[in-house]
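**Student:** Okay, here's what each chain looks like letter by letter:
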Amino acid sequence: MLFTRLLKKLLPSAQKKPSVGGHRQKQPVSANLDKVLEQLKQCFGNTSDLVLRKVVAGGGTKPALVVYLDNMADTAVLNEGIIAKLQEAPQELVQDVRVLSQTVIAVAKISITSDFNKIIHDISYGNTAIFLAGSDRAIIAGTVGWKTRAIERSNTQVNIEGPQDAFVENIADNLTLVRRRIRDNNLRFENMTVGARERARVVVGHIEGLADPGILAEVKRRINTVEIDGMFSPEYLQEYIKDNKWTPFSTIMKSERPEKIVACLLEGRIAVFIDNYPFVSVMPVSFAMSLQAGDDYYQSFYYGTFLRFIRYFAVLVTLLLPSFYIALITHHWEMMPTILALSILAGREGITFPPLIEALAMEFTFEILREAGIRLPKAVGQAVSIVGALVIGQSAVQAGLVSPSIVIVVAFTGIASFAIPDYHASIPMRLLRFPLIIAAGLLGIPGLVGGLLMIWGHMVSLTSFGVPYMTPFMPLQVKDLKDTIFRFPRWAMINRPQGVPDMDPDRTGDIELRPGGNPLE
Amino acid sequence: MMRNFLVGMLLISLLFCAGCVEHRDISDLNMVLGAMIDYDPELAKYIVYVQVAAPGAFSKDGGTRGKTSFMLFQGEGKTFFQAIRDAAKDSGKRLFWGHCYVYVITERLAQQGFFGVLDFLCRDYEIRETAYLMVTDKKPDQFVTLESQAENVPLINLKELLDLGIKRHGTTFPMKLSDVFRDYLAEDSNYVIPLVGIEKSHLKTKSPAVTDELHANRAVVVKKDKMIGVLGSEETRGYLWIRRKETHGIVVAEPEGKPMSLEEIGHKAKITPQVNQGEISFLIELKSELNYGEIDLQANVQDEKFVRATEEAASRVLAQEIEKSIQKSQDMKADFFNLGRELQLAYPDTWQAVREEWSEKVFPDVAIKVSVKAQILRTGLLTANHLGGMKNEQGR
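Going line by line, the protein sequences match chains S and B. The numbers in our numbering rise by one with no breaks, and the one at position 386 of the first sequence is 386. Heads up, our numbering is the position in the second sequence plus 1000, with the first residue counted as 1.
Heads up, none of these hints are tricks.
Cβ-Cβ distance ranges computed for the label pairs, FRET-style:
{"id": "1", "chain 1": "B", "residue 1": "Ser-1013", "chain 2": "S", "residue 2": "Phe-232", "range": "44 to 54 Å"}
{"id": "2", "chain 1": "B", "residue 1": "Glu-1129", "chain 2": "S", "residue 2": "Thr-352", "range": "34 to 44 Å"}
{"id": "3", "chain 1": "B", "residue 1": "Arg-1168", "chain 2": "S", "residue 2": "Leu-481", "range": "45 to 55 Å"}
{"id": "4", "chain 1": "S", "residue 1": "Thr-352", "chain 2": "B", "residue 2": "Leu-1146", "range": "28 to 38 Å"}
{"id": "5", "chain 1": "S", "residue 1": "Leu-6", "chain 2": "B", "residue 2": "Leu-1011", "range": "17 to 27 Å"}
{"id": "6", "chain 1": "S", "residue 1": "Leu-401", "chain 2": "B", "residue 2": "Asp-1124", "range": "33 to 43 Å"}
{"id": "7", "chain 1": "B", "residue 1": "Pro-1208", "chain 2": "S", "residue 2": "Ser-300", "range": "56 to 66 Å"}
{"id": "8", "chain 1": "B", "residue 1": "Asp-1124", "chain 2": "S", "residue 2": "Phe-306", "range": "41 to 51 Å"}
{"id": "9", "chain 1": "B", "residue 1": "Glu-1126", "chain 2": "S", "residue 2": "Ala-389", "range": "35 to 45 Å"}
{"id": "10", "chain 1": "S", "residue 1": "Glu-198", "chain 2": "B", "residue 2": "Arg-1024", "range": "53 to 63 Å"}
{"id": "11", "chain 1": "S", "residue 1": "Ile-339", "chain 2": "B", "residue 2": "Glu-1285", "range": "40 to 50 Å"}
Every beta carbon over 12 Å from chain B, so not counted as near; a handful from chain S, in silico:
{"id": "12", "residue": "Arg-179"}
{"id": "13", "residue": "Asp-243"}
{"id": "14", "residue": "Phe-434"}
With the C-beta cut set under 10 Å, the calculated list includes, among others, these residues of chain B facing chain S:
{"id": "15", "residue": "Met-1001"}
{"id": "16", "residue": "Gly-1008"}
{"id": "17", "residue": "Leu-1011"}
{"id": "18", "residue": "Arg-1024"}
{"id": "19", "residue": "Met-1031"}
{"id": "20", "residue": "Ala-1053"}
{"id": "21", "residue": "Pro-1055"}
{"id": "22", "residue": "Trp-1097"}
{"id": "23", "residue": "His-1099"}
{"id": "24", "residue": "Cys-1100"}
{"id": "25", "residue": "Tyr-1101"}
{"id": "26", "residue": "Asn-1152"}
Just so you know, the hints here were simulated from the structure itself, not pulled from any lab data. These numbers come from a predicted model, not from an experiment. Ideal placement from N, C-alpha and C gives every residue a C-beta, glycine not left out.
Modelling step: build the complete structure from the supplied sequences, incorporating the hints.
**Tutor:** Next comes the structure, spelled out in structure tokens:
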């Protein structure tokens, strides 16, 4: 078929190219500092941020070479912990790298290696290499320390109550944000590296004894299969490792909020942290999770349930309202209440375009406005809303280009799409709206229902790491419904979701409850 | 892949078979909101008048109430359907009947027999079977041109008049197309349809606020599809008390010679056929619940004697109107109370013997006994009678 043939041409072939890191055989460290210098210059070229500091240790007897990347390494640690100590070190302590590392170097993380490639690798991360004349091994000191953004309020997933801190770019901070919420020795962070050139640090987090080992192994396996130069977005990772690679729905959730990730970990899910990205991915997830927001749990469960109702309704509105409206006014005039039909009729009197074109044009306009508003600098952002509101909302109606009813429909749809707490979850709804509008405009309600059936069929066929995406609705898991359309009180939800395979279904009795508090306090 | 694609295409093509592919903008339609159907026996022609909402009549600032806010189209033809299509010729846009709730047929059409109209209305897919059918004794030229103070399109008003009438005064009632068709199909087909007309204003003034208005308070009796007589307001009420229980009108009783209003709360009717040695008789029992509405008497509503007297007087009034209605039914030889149906259920054998000549011969002569038991439930906010001032207050 033409389509599949075209697709095959566009997509990369599966044959394996030689790996970029293929030349990585072990290269020894030379005992001669000049040779080391030469080797380093060969590896890094004439990059300006490589600092090669010569120090003479042992009371002027033993030359040493301190190598680091400027601004990647913490200067304070370098000055006081390495260079000053080396200069003051007595002669007997500087003869052997092991002794030197144990007695002189005042840095917490330290290792000794004779693999030159590893040294290069570590320097790239911001560590410092210390070469000692006459030694074929080098000390690597953990001096990683660059300027990082402070932990700030969440911008994209705002809650009224609850903790306000959000993840930042620095992965170490992110791990800490999670670790300090789960003071359990079973919380595990496993390092992985993705990206041949970027060598992004990817950390897979889970709670031992809760997360299903099969899923954990699968997550790690899939991350290991990724072959790309740089991996700077969870979306990249997601596109590589999600079950159905063509679906518009995200079967891996991203969150900026540590407490959400913590809640997921406690449910036996697996979190993936990527360095330099302030969002953390969670898997496996279900559709219902994208409609859960922190505020549901921070307020009374009556209000939480009410919010859930609103959100499920908002999803339906986002997906269906324009197409339903189009179906009504182009095919099913008898389905409206008489007075509504008459006022729509009065509003559409003298409108040039047929409803289908009108609706598509208005929806596009709205999406353009939204896109323009996101990219604009804050100072000019106001202009977009004013022009958008005035031009689209009022003038177009007054000029008779569009009917007032479609403006209401489009506006309500737009607002409803913002009521979905997970921004990523609202995207497929916004996209699928357009084919539905066309189906409804051409075929009326049967077209709409046909389109919906296809979407629903697709959604129930999705899995997230083997877990059905539409659980607990499909397959139905009655016990899990407690935290979907309703938000039951916490004491009623003492079991972990059945939809996620986990080792321990009971939330209460899994570990010995400690008497409480930090014993040192 | 190929097979899936073909199956998908087949499924999509199924959608075209659903009968909904008529794709048209709503503004290409003329919404019919009321229709009047007339028949001219001399020309043997149906004439249909349709009221269509004028553009802008229903928009927020285009409300032209008082001015012409509706368009009137007419068509004629040998059959009703032909007449409808004839009306569309003038309309310019497609006439859409899905929102028409009011079908008025003229007296002469009703007398002639309106089955053709009923058949079309129930056969056509676009027409709501929940629309109301009614008869008018007025000429079309008066009726369809009359403007309403209540509605932009006057005929719509009739739907509300019927809906509200049964709840407020109980002398008219809604009759859906589906109800008419069901009654038409019944074995002994006699039924009633509301009669609507025009009420002249009591005021003799030229003020534009005072106009003649559409009015609904009587009913016509139909045998099969032909109208055979008219029921007055009280007779209609008597019928409704027995057959439709949800009337909430005002019963005026005179326990001590002066009129007093009693508000209907609810009715329970029971029809018991009796066959005694081939002699058929009926016992109609009605239990009515009433409230004191307005008392123009020196009386104590907490006095049980007075309440009993009121109940008796009310029962007399109720029974009188029911009997009047039944009398009319027997005179017309039209069993619109459906007593025959009750007989059939209770005594199938007896029914088999009389079914052929039930309405014509048997029914007019059967004995029908009406027994009404009225009951006063509440007194309103005043528990004592204050006629003549505080000194007459007796209940304390």
